[in-house]
Structure formats: C-alpha cells, structure tokens
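J.: So the chains spell out like this:
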Amino acid sequence: MKFNIAMWGAVLWPAFLGAALADAVLFTLIDPETIMLFGVHPGVSRPSAYTVGFFVLWIIMIAASVTTLWLHGNNADGGEATHNRSRR
Amino acid sequence: MSTATGETKVISLYQSQKKIYAKSVVGRFANLRVFMVFFTQAIFYGLAWLPWNGRQAVLFDLNARKFYIFDWVFWPQDVLYLTYLLIVSAYALFFVTAMAGRVFCGYACPQTVYTEIFMWIEEKFEGDRAARIKLDQAPMSANKLWRKGGKHFFWVLIGLWTGFTFVGYFTPIHTLMNEVFTLATGPWETFWIFFYAFATWGNAGFMREQVCKYMCPYARFQSVMFDRDTMIVTYDQARGEPRGGRKKSADPVALKSLNLGSCVDCSLCVQVCPTGIDIREGLQYECIGCSACIDVCDTVMDKMAYPRGLIRYSTENALEKSWGAAAIREHMLRPRILIYFAVLVALVGGLTASLVLRNPLKVDVIRDQRVMAREVEGRYIENIYKLNVMNTAERAQRFVVTVDGLPDAQINRGGLIAADSASTAASSVAVRIPVDTVKPGSHTIHFKVQSEQDAAISVTEKTVFLVPR
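These protein sequences, in sequence, are chains A and B. For the first sequence, my numbering begins at 100 and goes up steadily by one. For the second sequence, my numbering begins at 14 and goes up steadily by one.
It is possible that some hints are incorrect.
[Claimed, not checked] The list that follows gives simulated cross-link-like pairs (lysine to aspartate or glutamate, EDC-like), each with its CA atoms no further than 20 Å apart:
(1) K157(B) <-> E139(B)
(2) K79(B) <-> D122(A)
(3) K36(B) <-> D278(B)
(4) K260(B) <-> D278(B)
(5) K375(B) <-> D130(A)
(6) K157(B) <-> E136(B)
(7) K375(B) <-> E329(B)
(8) K31(B) <-> E139(B)
(9) K164(B) <-> D141(B)
(10) K452(B) <-> D122(A)
(11) K79(B) <-> D130(A)
(12) K399(B) <-> D417(B)
Everything labelled a hint here was simulated from the structure, so no lab data went into it.
Use the sequences and the hints to build the structure in full.
T.: In structure tokens, the structure reads:
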C-alpha cells in the first residue's frame, strides 16, 4: 500500500489531537515533578516533561493509526476508502 | 510513479492532488471574511498582551500548574471545567452547523484565517492567479527568486510571530519577549516557537485545502449534523441550466428562447474555490462554505444584468420547493435546532453559575499516619491532622480552623493557616479532648476552615478522631 502525503496527514493530525488531549489529561492528573522513574526522581522540569510526554504520546498514536490504516487500508483498497468522495 | 508515456501519475486512494490557484475575490462575504480575520487575530495576537490584576489576563502557566483567565485562577483540581468547556464547544458546533452549515470553516477556522493571510501576501508578491501559474512554470530567475523569497520571508515572519504568541500564552509574554531579544529562551520555549511557526507556515502556505479535505475530522462528520433545512452554499440548478456562453447583449428575458439558463459558464466559481470544486455539481464534502463562489457569481450576474443569487446561501428544501426567505426562516426553528439550543443554554447557564459560585478555598484533610492517637500530658487524647489549604483567590488570606463533633474537642496548635495569593499552605493541626470524656473508638469530627478576611469563604471537611483503648 502506498502512503502519500494526504494519508500521512490523515494519520498525523488525528494522532496530534489525540496526543494533545492525552497529554493534557495525563499531566492534569499527575504532576510530573512527583513522578518516580525506576525509583528515582528523573529531575526534569515540568515544561520538558509536558513536551517529551506529548511527543511520546504522539508517536504511540501515530503507530496505532498507521497500523490501523495498514491493516484496514489493504483490505479496503479499492473499496470503501476510495468512496470518500461521496456526494450528498 | 512514471508511466511509459512519461506522465507523472500518483497512485493514491484519494484523487491525485494538483496545486490549486485560487483566484482572489471581492464581495460581501469576502469582506466578512476579512473582518473575521482581523477580529480573530486581534484576539489571538492581542489577548496575550492584556494585563489583568497585575498579571497577564489569559495565561496558562504550565510551569506553576495554574491557569489564569481574567478573574479566575484554575488549578489542576478544576479539570472538570475544561471538560465542561469542551462539551459546550461541541454543542455550540452542533447547533451552529445544523442551522447555518460550515460557517466556522468559512470564516473563523484558523486554517481558513491563516490561509487567507498567507494568500494575501502571496498575491502581493506573485500577482493574481494567472501570474502565479505563469511564475510557477517559469524557470528560476532573479525575478522569480525575489518574488518567491519575499513571499517566504513574510510567511516565515508571520509564522514566527504566531509561534511566539502561542508560547506567550504559556510563558508570561513580557518575560518571553525579553528572552527572545536576549536570545535566552529556554529549550522548550524555543522548540515550541519554531514548531508552531513551522506548522503555521506549512499549513497556511502549502497544505491549505488539503487540511480541510484529508485531515479535518469535522469535514467528514458534518453530514450527520446537516439536514435538508441547513443553510448551505447552493447553485440554483433550475435557474442556471442549461448553462452556456452567450453575447453580453443577450436579452435576459428572452433566455428561454435561446434555450439557456442564467449560468454563463464562465467557470469563475471554480477558479475562486479554495478547495477546487465545482459548486454546480451540488453539495460536496469539500465545500468549506466560504462563499467565494457566491461573491464572484454575483459580480457576473451584475455584469449580465441578471438578478443576483444564482449561487446563494439556501437550503436543499428551499431549492426544491422554491421557498422564499421567510419560509427558510420558518423552517430554521425545527425541533432539532430548538433541542440543541435548549441544551446549549442549560450548559452555558450551568457553567456560568458554577463559575460565579466557585469557592476560592479548597481544603484537604489527611490524618497523620505516623502519629496515631496518643495520650499527652496525662490529661488529653491528641490526634494530628495535616490540613492542605488551597487559596485560589488572588490575595493573601489567613484561615482560622475550628473543630466540632466532640463536646470538648479543641485545637491545641496549627489552628491558624496563612496562605499567599493563589497558592497552597499546609498545617499540622493537633486536636485534643480530655481523657475519659468519650469512649474508645473512632468518632466523626468536622473541621471548619474560614477566612479571616471574608467569613463567607469557608469549607467544612469531615474526618475521624481516634480514641485508643
């Protein structure tokens, strides 16, 4: 299956929104300064935790979306996916 | 992928994309959009600089984990308000979309607004549609370099300013400006300024309608919110067809005899469309409701001395049944709209009430686990509690702690807690009762924490008092 720019857009953008939401919820509930990693405080500032957290979440969501597209897109090739230009 | 004939062909699940050169347009709706560009951007770029209570009016201070919005200071504990706000926004979108279609897309969406700004710059440097197409096909020259370079210079400048403003909502913008001028921005500030600038430059400069067509979820689920009485940009097929060219002198009254409708097939409506569709094919999901085709068609109708509105805002029902404006308005108030509206009013009312009645004091009582109940001075049973006080008001306050629930309970120490403006304070509170006044076991007591300055600000928290055997 070919990945073109539009499909990357379709993966990156929803994953971006999802990661932003997940980042906000996660760090609202958990103050990064209280996080212990392997028994020690990693000593990172809040802004860096928010930023790194965001990108980690984004990558995870991109991976999930790409996998979905890859699994479903192959089966749906020439099927549903090409009918997105449906007219009302 | 190159084929045998040497043509470039992109194999895609979507249609292959060609660059869209949207012709600029003037008219009522274009003016409205320009107004909206100024209005929304005055808010976005301006609000970050607005002072309030000696600080930035709107500041999402991630470092201190506090959100300042005018008179309110929100803490992570207030996350419910954020959820509430998202629900209100979603309902507002349902309501507006069901009634008036994609007005958000056409006038207020940042994608539209920044694309509008970037296209304006593009036109200043590269000229109108025909000139831009020619320039893109021309080989590189000093002229092309200057035009493209100048365009990108201003695109990048606006992108950076946008990124700077964006970060200015998370770091106090005056501090950030000083940091920028002394090249002392922190690593994450620098990163986000450039990341946001890059996204603005890419989205408004290059992606443009692709974002609406392929990336925007709203474009895909809007059909759920549409019905046959939703206002949309429509082409009046009955009036326009059969389309075709004609002399300008052709008598508008005698069109029937020429076997022609009002559409002169000038294709301007296609040329101005930012998503490159032909509105005459009916409602399409790519249509962002920007009304550029309405504006341009009206100018053509004026030139031909035909009545305006061959392309106009209307509803599917109105087109089919030839309703006038009054009938359209009547059908606007259908049950769906009224229900959306009622829910929206209830939600906004609830949110407002809850914000107005918000208690600027929160108290958390934790029994001290290390010091369980103990006997002191041979005469008292003492329990220790840790009281965390959150003063969300923007002034320093002193809180008096009182206890009740047991007849002779009194606070031995820690009964006065001072908290700075918008900050927390903790106190170890020791509660004593005389020995043998109550039987062993656990007893419910209440702490009342009350502001010294304003008696109306108080919180009562329940906890237990342990009496050992």
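J.: If a hint holds in the structure, say so; if it doesn't, say that too.
T.: Here is what the structure says about each hint:
Distance hint between K157(B) and E139(B) is fulfilled; the C-alpha atoms sit about 8 Å from each other, no more than 20 Å. The straight-line distance between the Cα atoms of K79(B) and D122(A) is roughly 16 Å, inside the 20 Å bound, and the hint therefore holds. Between K36(B) and D278(B), the direct Cα distance comes to roughly 16 Å. Compliance with the 20 Å bound is thereby established for this hinted pair. Under the criterion of a C-alpha separation no larger than 20 Å, the hint pairing K260(B) with D278(B) is consistent with the structure, at around 12 Å.
Only pairs whose Cα atoms come within 20 Å are accepted, and K375(B) paired with D130(A) is accepted, the gap being roughly 18 Å. Between K157(B) and E136(B), the direct Cα distance comes to roughly 14 Å. Compliance with the 20 Å bound is thereby established for this hinted pair. Between the alpha carbons of K375(B) and E329(B) the distance comes to roughly 54 Å, so the proposed pair goes past 20 Å and is violated. The hinted pair formed by K31(B) and E139(B) meets the criterion: a straight-line CA distance of about 19 Å does not exceed 20 Å.
Straight-line distance between C-alpha atoms of K164(B) and D141(B) comes to about 14 Å, which keeps the hinted pair within the 20 Å bound. Taking the CA atoms of K452(B) and D122(A), the gap is near 50 Å; set against the 20 Å cutoff, the hint is violated. A C-alpha spacing of about 12 Å is found between K79(B) and D130(A), which places the hinted pair at or below 20 Å, so the restraint holds. Among the hinted pairs, K399(B) with D417(B) is consistent with the structure: their alpha-carbon atoms are about 17 Å apart, no more than 20 Å.
Hint check: violations occur at hints 7, 10; the rest are consistent with the structure.
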